[in-house]
Structure formats: structure tokens, C-alpha cells
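Asker: Those protein sequences? They're chains A and B, same order as listed. Residue 1 is where the first sequence starts when you use full-length UniProt numbering, and the numbers rise one by one after that. Residue 1 is where the second sequence starts when you use full-length UniProt numbering, and the numbers rise one by one after that.
Honestly, the hints are just simulated from the structure, not real lab data. Check each hint, because a few of them may be wrong.
[As the list claims (entries may be wrong)] Calculated cross-link-like contacts (lysine-lysine; reagent style DSBU-like; alpha-carbon spacing at most 35 Å):
1. A/K215 with B/K19
2. B/K134 with A/K64
3. A/K291 with A/K83
4. B/K12 with A/K265
5. A/K67 with B/K14
6. B/K93 with B/K67
7. A/K426 with A/K224
8. A/K315 with B/K12
9. B/K425 with A/K64
10. A/K235 with B/K134
11. B/K67 with B/K235
12. B/K126 with A/K214
13. A/K235 with B/K34
14. B/K83 with B/K291
15. B/K134 with A/K12
16. A/K413 with A/K83
17. B/K263 with B/K19
[As the list claims (entries may be wrong)] Not the full set, but computed from the structure, chain B residues with beta-carbon under 7 Å of chain A:
18. K100
19. I145
20. T158
21. L191
Idealized CB from N, CA, C, for every residue including glycine.
Protein chains: 2
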Amino acid sequence: MGNYINLFEEIKFKEEVPKYIQISNFIKNLIEKKAIKDKEKLPTIRELSKVLGVNSITIVNAYKRLKAEGYAYQKVGSGTYAKVKELPNVFRKEYSNTLKKLRIDELPNIVDFTGETNIEVLFPIKDLKEIIDKVLERDGVNALISNNSYGYKNLITTINSAFWDNQLNEEDILIVSGAQQGIDIVSKGILNINDNIVVEKPTYGGALSVFKWKKANIFEVPIKEDGLDLDKFEKILQKNNIRCFYTMSYFQNPTGISYSLEKKKRILELAEIYDFYIIEDDYLSELIYEKSIEYIPFKWLDRNERVIYIKSFSKIFLPGIRLGYLVTPEIFRESLQNSKFNTDITTSSLMQRALDLYIYENKWKQNIKNLNVEYSKRYKIMQKILDRDFKDLISYIDPKGGLNFYLTLRDGKITSKELFFRLRKKGVYITPGIMFFTSQNDGQNTFRIGFYQTDENKIIKGLNILREELIECHI
Amino acid sequence: MGNYINLFEEIKFKEEVPKYIQISNFIKNLIEKKAIKDKEKLPTIRELSKVLGVNSITIVNAYKRLKAEGYAYQKVGSGTYAKVKELPNVFRKEYSNTLKKLRIDELPNIVDFTGETNIEVLFPIKDLKEIIDKVLERDGVNALISNNSYGYKNLITTINSAFWDNQLNEEDILIVSGAQQGIDIVSKGILNINDNIVVEKPTYGGALSVFKWKKANIFEVPIKEDGLDLDKFEKILQKNNIRCFYTMSYFQNPTGISYSLEKKKRILELAEIYDFYIIEDDYLSELIYEKSIEYIPFKWLDRNERVIYIKSFSKIFLPGIRLGYLVTPEIFRESLQNSKFNTDITTSSLMQRALDLYIYENKWKQNIKNLNVEYSKRYKIMQKILDRDFKDLISYIDPKGGLNFYLTLRDGKITSKELFFRLRKKGVYITPGIMFFTSQNDGQNTFRIGFYQTDENKIIKGLNILREELIECHI
Chain A
1 MGNYINLFEE
11 IKFKEEVPKY
21 IQISNFIKNL
31 IEKKAIKDKE
41 KLPTIRELSK
51 VLGVNSITIV
61 NAYKRLKAEG
71 YAYQKVGSGT
81 YAKVKELPNV
91 FRKEYSNTLK
101 KLRIDELPNI
111 VDFTGETNIE
121 VLFPIKDLKE
131 IIDKVLERDG
141 VNALISNNSY
151 GYKNLITTIN
161 SAFWDNQLNE
171 EDILIVSGAQ
181 QGIDIVSKGI
191 LNINDNIVVE
201 KPTYGGALSV
211 FKWKKANIFE
221 VPIKEDGLDL
231 DKFEKILQKN
241 NIRCFYTMSY
251 FQNPTGISYS
261 LEKKKRILEL
271 AEIYDFYIIE
281 DDYLSELIYE
291 KSIEYIPFKW
301 LDRNERVIYI
311 KSFSKIFLPG
321 IRLGYLVTPE
331 IFRESLQNSK
341 FNTDITTSSL
351 MQRALDLYIY
361 ENKWKQNIKN
371 LNVEYSKRYK
381 IMQKILDRDF
391 KDLISYIDPK
401 GGLNFYLTLR
411 DGKITSKELF
421 FRLRKKGVYI
431 TPGIMFFTSQ
441 NDGQNTFRIG
451 FYQTDENKII
461 KGLNILREEL
471 IECHI
Chain B
1 MGNYINLFEE
11 IKFKEEVPKY
21 IQISNFIKNL
31 IEKKAIKDKE
41 KLPTIRELSK
51 VLGVNSITIV
61 NAYKRLKAEG
71 YAYQKVGSGT
81 YAKVKELPNV
91 FRKEYSNTLK
101 KLRIDELPNI
111 VDFTGETNIE
121 VLFPIKDLKE
131 IIDKVLERDG
141 VNALISNNSY
151 GYKNLITTIN
161 SAFWDNQLNE
171 EDILIVSGAQ
181 QGIDIVSKGI
191 LNINDNIVVE
201 KPTYGGALSV
211 FKWKKANIFE
221 VPIKEDGLDL
231 DKFEKILQKN
241 NIRCFYTMSY
251 FQNPTGISYS
261 LEKKKRILEL
271 AEIYDFYIIE
281 DDYLSELIYE
291 KSIEYIPFKW
301 LDRNERVIYI
311 KSFSKIFLPG
321 IRLGYLVTPE
331 IFRESLQNSK
341 FNTDITTSSL
351 MQRALDLYIY
361 ENKWKQNIKN
371 LNVEYSKRYK
381 IMQKILDRDF
391 KDLISYIDPK
401 GGLNFYLTLR
411 DGKITSKELF
421 FRLRKKGVYI
431 TPGIMFFTSQ
441 NDGQNTFRIG
451 FYQTDENKII
461 KGLNILREEL
471 IECHI
């Protein structure tokens with residue numbers, strides 16, 4: 001029992017509202033204000049009914065209501081415990097505030113290994129200007145008009161032909177305002193409260209937030225060199241009714257791992273056997289630097305409409321233009337279209353038309369080629385320095401593509417969180433492992449460094465500083 | 001009990017999953033597939049435990065789980081009933097499909113009184129082109145970059161100075177991708193499952209969908225000539241713990257009603273007394289045609305941080321450019337910022353910059369002036385014809401602004417839904433009242449006609465056809 005029991009004396013019951021509702025709202029309020037902490041035990045029924053002078057059945061009903069609303073949970077034989085809406089992750093806030101506070105004018109002097117600022121955008125601005133002008137000239141006022149919520153028809157056709165060899169049913173393509181919106185829309189369209197979802201451990205924090213928000217039960221399954229740990233996955237599938245599995249099949253964030261073909265096939269089989277859906281988040285698969293990586297997403301192998309595919313263009317097109325698309329199995333088509341409508345009606349019409357023309361005129365392909373040249377150069381430099389200067393300090397799995405390396409500290413003299421604070425003082429920014437787990441205890445000895453915002457010089461400079469810090473800790 | 005009881009024979013229990021979970025998932029599935037209908041009674045506990053050969057406590061637990069997930073509800077002394085996620089509103093689908101199927105090339109020949117197509121956009125396309133070019137020239141690649149999720153700083157400053165006399169704390173302004181996203185973000189940020197929300201009756205369907213999705217309990221309170229029916233509102237406030245009240249203070253959709261100053265003040269008092277928040281959706285207040293309407297939104301009167309203000313630019317700027325903003329009370333600031341981030345990270349940077357420059361260069365004001373000239377002309381024509389030719393057929397309350405008239409059929413010879421189908425055959429499109437209520441039985445004798453997409457000629461043509469149809473029904 002907490003020492004907040006005296007707070008209950010503040011309740012002033014109104015006459016016309018059932019007491020159990022007033023009591024549950026009061027407790028809800030205490031939880032929201034953090035007067036009662038996450039996972040803190042609530043008073044026993046007998047205790048609280050005595051303090052408030054009400055019937056014990058009133059307390060039972062109040063606790064039932066709290067549980068139904070996701071503010072409390074039961075431990076058998078132990079009592080009722082508080083549940084906070086989202087875990088207050090203090091470091092998460094510190095991290096995002098750090099990046100928010102970076103001023104534009106200091107960006108050139110810092111080394112951003114997080115890849116979450118946008119000082120450098122490898123995109124020919126002249127092209128965009130030309131494209132927008134062309135669209136406005138060609139379509140006139142129609143460029144500003146959106147006729148439906150699922151997307152600009154020509155863009156859908158172009159996507160189908162440029163990326164899917166016209167193999168998709170165009171009605172299954174839904175334009176969204178970026179991959180984050182894609183995750184949100186899918187979550188709203190197919191998940192219910194308390195539905196079970198499996199994610200990779202570690203995984204993208206922005207997806208974790210959405211699932212937590214939806215009050216889904218999240219199961220984390222470790223990721224191995226060739227994809228998910230299938231033994232652990234199957235044990236969870238056997239014991240729980242899993243609704244869906246969220247995965248990044250290429251250059252998984254943060255680990256950089258890509259799935260083997262066998263694992264993808266097996267997971268599709270498991271989806272049939274255990275009746276779950278695969279949410280495939282494809283965000284960087286255009287950036288492949290080694291021939292050993294072949295591009296075959298889950299969606300290409302999907303014979304039984306088990307895969308909801310989410311494509312992001314933010315990192316490989318333009319970060320400030322929120323665009324992406326979903327490919328939905330037919331059974332979710334209507335539900336996801338409605339979910340999109342209720343989320344923001346439709347995605348900016350002008351930008352959809354601009355992207356369409358950009359792909360159609362083959363500028364897209366050219367730009368991806370250029371990005372591959374530049375980023376593979378950075379990848380090689382980073383790898384070379386890591387292999388040469390960090391052998392005794394860190395280990396990593398070669399991503400062979402994408403924009404990040406996920407590093408593991410070889411000994412425990414310093415946590416990656418401490419390293420973050422030390423490096424911040426020197427103008428170098430990394431992403432500690434803790435950002436990619438649901439529990440704050442995980443990810444202590446890992447961190448992600450990326451080269452999305454660091455050219456050759458910055459990579460050399462940043463890694464030098466990183467090395468000095470690590471060596472200093474080991475003396 | 002439904003005649004679906006035989007379906008339960010299909011359950012094949014897996015060994016490792018608790019039976020109550022498998023049973024509740026099976027029923028959930030039947031509800032989703034509509035094999036069990038909304039509000040249909042579920043089998044009694046005794047009955048189902050007999051059919052499945054399981055202990056009755058297992059069924060009790062299965063039903064508990066269904067209730068917790070919002071798939072069932074209890075009626076005291078009567079049993080457990082199914083609850084469908086969103087009411088399957090057949091007409092709603094028919095209506096939106098009708099508008100979807102309109103081909104661009106036939107739009108010039110039809111009369112769209114729904115205002116939901118966008119053939120005519122009163123916006124100087126040349127201006128937009130110039131503005132975008134200017135932004136790209138001025139900001140270069142920065143124009144494509146978004147530094148934070150709450151919005152482009154200059155746009156926030158411009159909004160504060162142009163519309164709020166710099167009276168707002170800029171941290172309380174949050175840029176969103178249109179008002180629909182605003183409603184979604186607010187709903188995610190402040191509503192919990194089973195929270196009680198009051199809406200006007202009738203109200204905007206897109207808001208109803210969001211609240212239903214969030215599994216809020218919706219209370220509809222009738223609207224009178226000067227705003228909400230306060231007697232009925234207070235009765236609900238006395239008996240239920242209301243979390244928030246969703247309102248459109250000016251030219252309410254669909255009724256066209258604006259709140260009196262007294263009502264606004266009283267509702268703000270009630271918000272303090274009964275501890276609820278006001279979600280103010282301000283979507284058309286720029287279009288005021290009569291001096292008797294004075295612009296004083298709830299937010300201006302808000303001394304106690306009770307109002308979450310949502311501003312849409314879609315109808316008065318550009319429908320295809322999704323832009324709007326929220327003003328949040330401080331206590332919700334962080335929660336709404338997170339909600340925005342998890343929804344789509346951020347709103348298109350280029351469009352935010354374009355809007356900023358557009359307002360800053362005073363083009364905004366000029367455009368609003370032009371819109372007022374054009375739409376007040378249409379408003380007057382429509383009103384003149386309604387008063388002259390429809391006296392015996394319909395009644396309405398003068399909106400004095402906005403883009404719509406909400407009409408009530410004087411007798412019951414035809415429902416507005418039937419009228420919709422008859423008019424559709426003649427190329428005239430209206431919005432039946434049913435679209436604005438939670439129950440399909442309401443709104444039978446009302447409909448909305450707007451002049452957003454109808455110039456003088458179309459108004460005359462459309463109203464002529466409407467009159468002929470109505471007269472034909474009365475013969």
C-alpha cells in the first residue's frame with residue numbers, strides 16, 4: 001500500500017454520480033498526476049472501503065472500471081496495481097530535448113551520429129522547384145485538390161509500375177503522410193486494446209510508442225544475425241494469441257540486420273499456422289552496398305495476404321515532405337482507408353503529384369543511385385575506422401547497407417547512456433541502446449551511430465572523439 | 001440469444017492458450033465478421049458453458065475480457081451484449097461512394113450542394129507558385145527540413161501575431177495536418193477508453209468517427225438557435241463524469257448555428273464546476289456576412305485553460321494542402337506534442353513555410369476578403385430563393401455566415417435520404433441529416449445544402465431541381 005492513502009480524504013462525493021465512478025476517476029487522476037506510481041499497489045478493498053466509508057462492492061466496481069480502462073491490473077493472490085499510460089522514460093525525454101535544442105547555426109560544428117537532425121539533405125533542390133512548377137502548370141488548381149483519402153490516382157499507378165512490376169491491385173495501395181503515420185494508421189485499423197503484438201528486440205522507439213498508446217500488450221523477441229529468434233518466437237506464439245508482428249526486414253533499426261530468405265518464409269508459414277499478421281516496415285531497402293543482400297521483402301513472398309507493407313520515403317527522398325504508402329491485404333482495405341480518413345482525411349495533394357512526376361521522370365532512380373554512391377562511401381569509411389581503431393573497444397554486426405552501425409561495448413566500464421552525456425559535451429551525438437527497448441534496463445551496453453548527417457570529415461572527427469572517450473574510460 | 005450458437009462448435013481449443021482467451025477471441029472474431037450483430041445478446045453463461053463443455057467461470061472470464069476490450073457490455077439483470085467497433089452505417093458508405101465515383105469531367109455539369117468535391121477552388125494559383133518559389137529560393141534545402149514535430153517556428157510566431165494579437169504562449173501552438181488530424185490528436189492525447197464525451201446533436205461525422213474509434217461514450221445534446229441546450233447538458237453533467245465537450249462555436253456543422261456570448265460564458269463556468277474540457281473546432285469563422293455575429297471564440301474567453309482550440313485552413317485556404325493548428329492548455333501540451341509525433345512526426349515543412357509567407361505578406365487577408373465577397377453573394381442568392389420558393393416546403397435557421405444552410409422538411413412525405421437518391425438521378429447532390437447523428441433513426445427530415453462548390457448559376461439550377469422534386473412528392 002502506498003503512503004497516498006490520506007489523499008483519499010479529499011474526495012467529495014457528488015450526489016448524482018455513482019460512487020464507484022467517482023472513486024475510479026479519483027484514482028485515475030492520482031495515477032495521471034503521478035501521486036500513485038506505475039506498478040504501485042493500490043489499497044486493498046477492505047482498507048479503502050473503510051477509509052471512504054463505502055460498501056466494499058463499490059470499491060470492487062471502481063477497481064473493475066480502472067482495469068477496463070487500462071489504469072490497473074490484477075496480480076493473482078496479491079491485489080490490484082496501478083498502470084501508467086506510458087512509462088515515463090526520463091532519458092527518452094532528455095535525448096529528444098537534446099536534439100531539439102540544437103540550434104541550426106551550431107549544426108555545422110557538431111557531429112550528429114543520431115541521424116535525427118536534418119542539416120544535410122542530399123537532394124537537388126532545383127529539381128524539386130522544377131517539378132513543383134511543372135505540376136502547378138500542368139494541373140492548375142487541380143494540383144491543390146484531393147479527390148479521395150487513399151491517394152492521388154496517378155501516384156498509385158506509378159508506384160505499382162515503378163516498384164511492384166504492376167503486380168499489386170491498385171486498390172490495396174494507400175498513400176500516407178510518412179511511415180510513422182503508416183504505423184499509426186495500421187495500429188488504429190487492426191489493433192484493439194490488449195491485443196498481443198510481437199516486436200523485435202531492440203526496435204524502433206516510434207513504433208513502440210504507438211503500440212503502447214494503443215494499450216497493446218507488447219512481446220519483445222530478440223533478433224539474431226539473420227532475423228528474429230524463431231525458437232523464442234514460436235514459444236510465444238504457442239502460449240499467446242498474437243495479433244501481429246512488427247518487423248523491419250532490411251537494415252533493421254537499430255541493429256542493421258536483414259532477414260534471411262529462409263526466416264522470412266518460415267515466419268510467413270507461422271503467420272498462417274498461428275493466424276497473425278506481419279507489419280513490414282521497409283524504410284531503407286534502397287541502400288544496399290553488398291551483393292550478398294538480395295531485395296526480397298516479406299510482401300513479395302506473401303501468398304496468403306498476411307503482410308501489411310509500410311514504405312517510407314523520408315530518408316531517401318525528402319525528410320520534410322511527409323510521404324509514404326501502405327500495401328494492405330484485402331480484408332483490411334476498408335478499415336485502413338477509414339483509419340486514414342479519420343487521421344487526417346488525406347495527404348497533401350501537391351506533394352503527391354510532385355513525387356509522382358519525380359518518379360515518372362526517372363529522377364527518382366537517379367537520385368537513389370547518387371545516394372548509394374555517397375552513403376556506401378561513408379559506410380566503408382566508418383567500417384574501416386571501426387575495424388582499425390575500435391577492435392578492442394566495440395563489436396558489431398556488418399549491416400551491408402542502410403545508414404547505421406549498431407555497436408556493442410566490449411566491457412561494462414561505462415554505459416552507453418553515460419557515453420551519450422560524455423560525448424554530448426564534445427559536440428558528438430549518439431543514440432544509446434535504451435531508446436530501442438520497452439524496459440529501461442535493456443540496451444545499457446549498446447548504441448547506434450549513423451552516417452546520414454555525417455560526411456567523411458565528420459565521420460573521422462566524430463570517431464576520433466568517440467575513441468578518446470572510450471579509452472579514457474578504460475584507463 | 002442469436003441463432004449463431006452452432007458456430008461455437010467450430011472452436012478447436014489449442015492446448016497451451018487459456019481457454020477463456022480462446023473463447024473471447026473467437027467471439028471477437030464473430031463480432032468483427034458480423035456473424036454476431038451489434039447489440040445482439042450473447043449466450044448466457046450457463047448455455048455457453050454447456051455447449052463448449054467448459055466450466056462456467058471460464059465463460060465469465062471470457063466475457064470479462066470482451067468487455068475490457070470494448071466488444072461487449074452488460075445490461076443489469078439481462079445479460080451480456082455484443083458491441084461492434086463502429087456502427088456499420090450502410091448509408092454513410094453509399095454516400096461517400098457516390099461522391100468518390102463522381103468523375104472529374106462530369107463535375108462541371110452537376111450541382112454539388114454537399115461541398116465535399118473540390119472542382120472549384122477560389123485561390124489564385126499564381127500566388128501559390130510565387131510563394132513556393134520564394135520559399136525555395138530563400139530557404140534552399142532548409143525548406144524541406146523539419147526541425148521539430150510541433151511546427152515551423154516562424155509560422156507559429158506569425159499565427160500568434162496575425163490571429164491572436166501575440167496573446168498566446170507560442171509553446172501552446174501546435175501545427176497539425178488539418179483539423180481532422182487535430183481532432184484525432186486531441187482524442188489520442190486526452191481521451192481514454194470509456195471516457196464520456198458530449199457532442200452537439202447533430203454534429204460533424206468525421207469527429208463522431210474519431211470518438212467512436214477511441215471507444216469513448218458519446219452523449220448527444222440537442223442544439224438550439226443560440227447554441228447547446230444547457231438544461232439537457234447540465235443534467236448529463238450531473239449524472240456522468242464528462243471528460244470533454246466537442247463544439248463548433250461558429251456556423252456549426254451542419255446546423256449553421258453560432259453560440260451566443262452568454263452560452264459560451266456559461267459553458268466555460270460549467271467546465272470549471274464539472275471539471276471537463278472544451279474542444280473548440282473553429283473551421284469557418286472567417287466567413288461572417290452579418291454584423292450581428294461577433295467573433296469571440298471560447299478560447300478568447302478561456303481564463304482557466306479549459307479550451308483546446310482547433311483551427312482548420314482547409315476550406316478557407318487550400319483543401320489539398322493539409323494545414324491547421326491547435327492551441328493547447330499547458331497541462332496537455334506535452335501529451336499533445338507526443339500525440340502529434342506518434343501520429344506523423346511532423347507536418348510538411350515546405351507547406352508550413354509557404355503558409356507562413358502567405359500570411360506574413362498579407363495575401364491571406366486579401367484572399368479572405370475575396371472569399372467573403374464571393375460567398376456572401378452566394379449566401380444571399382440561396383437565401384433569397386429559399387425564402388421566395390420554398391416557404392411551404394422547408395424551414396431553416398439563418399446561419400448569417402459560413403457555407404451551408406441546414407434545412408428541415410415541413411412534412412414527412414419523403415425522408416431526406418430518399419430525397420438524396422431522387423436528386424442524385426438529376427445530378428444534384430445534398431447531404432442528408434442522417435450523416436450527422438450516431439443513430440440511423442435521427443435526421444430523417446433534415447438535410448444540408450452548401451454553396452462552397454456552387455456559383456450563382458448552379459445555385460439557381462440546383463434549387464430549381466430541388467423544388468420540382470419536393471413538389472412532385474407532395475402531389
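Asker: Now tell me, hint by hint, if it's right for this structure.
Answerer: Structure-based check of each hint:
For the proposed pair A/K215 and B/K19, the alpha carbon gap of about 22 Å is at most 35 Å, so the pair holds. A hinted pair counts as satisfied when its Cα atoms are at most 35 Å apart, and B/K134 with A/K64 does not qualify at roughly 59 Å. Between A/K291 and A/K83 the CA atoms are separated by roughly 48 Å; this puts the pair beyond 35 Å, and the hint is violated. The suggested pairing of B/K12 with A/K265 holds, with an alpha-carbon distance near 26 Å, which does not exceed 35 Å.
A C-alpha spacing of about 27 Å is found between A/K67 and B/K14, which places the hinted pair at or below 35 Å, so the restraint holds. Pair hint B/K93 plus B/K67 holds up; C-alpha atoms about 28 Å apart against a cutoff of 35 Å. Using a Cα cut-off of 35 Å, the hinted pair A/K426 and A/K224 holds, with the two alpha carbons roughly 33 Å apart. Only pairs whose Cα atoms come within 35 Å are accepted, and A/K315 paired with B/K12 is rejected, the gap being roughly 46 Å.
Straight-line distance between C-alpha atoms of B/K425 and A/K64 comes to about 53 Å, which puts the hinted pair past the 35 Å bound. Of the supplied pair hints, the one linking A/K235 and B/K134 is violated, its CA atoms being roughly 58 Å apart against a limit of 35 Å. About 27 Å separates the Cα atoms of B/K67 and B/K235, which keeps this hinted pair within 35 Å; it holds. Annotation: proposed proximity of B/K126 to A/K214 is violated, straight-line Cα distance about 44 Å (limit 35 Å).
Between the alpha carbons of A/K235 and B/K34 the distance comes to roughly 32 Å, so the proposed pair stays at or under 35 Å and holds. A distance of roughly 47 Å separates the Cα atoms of B/K83 and B/K291; the hinted pair therefore is violated under the 35 Å criterion. Distance hint between B/K134 and A/K12 is unfulfilled; the C-alpha atoms sit about 60 Å from each other, more than 35 Å. Among the hinted pairs, A/K413 with A/K83 is consistent with the structure: their alpha-carbon atoms are about 34 Å apart, no more than 35 Å.
For the suggested pair B/K263 and B/K19, the alpha carbons sit about 54 Å apart, so the restraint of at most 35 Å is broken. Below 7 Å, beta-carbon pairs count as interface contacts, and B/K100 has one with chain A at about 6 Å; its hint therefore holds. Among the interface hints, the one on B/I145 holds; its C-beta lies about 4 Å from the nearest C-beta in chain A, closer than the 7 Å criterion. For the restraint placing B/T158 at the interface with chain A, the shortest Cβ-Cβ distance is roughly 18 Å, beyond the 7 Å limit, so the hint is violated.
A distance limit of 7 Å between C-beta atoms decides the matter here; for B/L191 the minimum to chain A is near 11 Å, and the interface restraint is violated.
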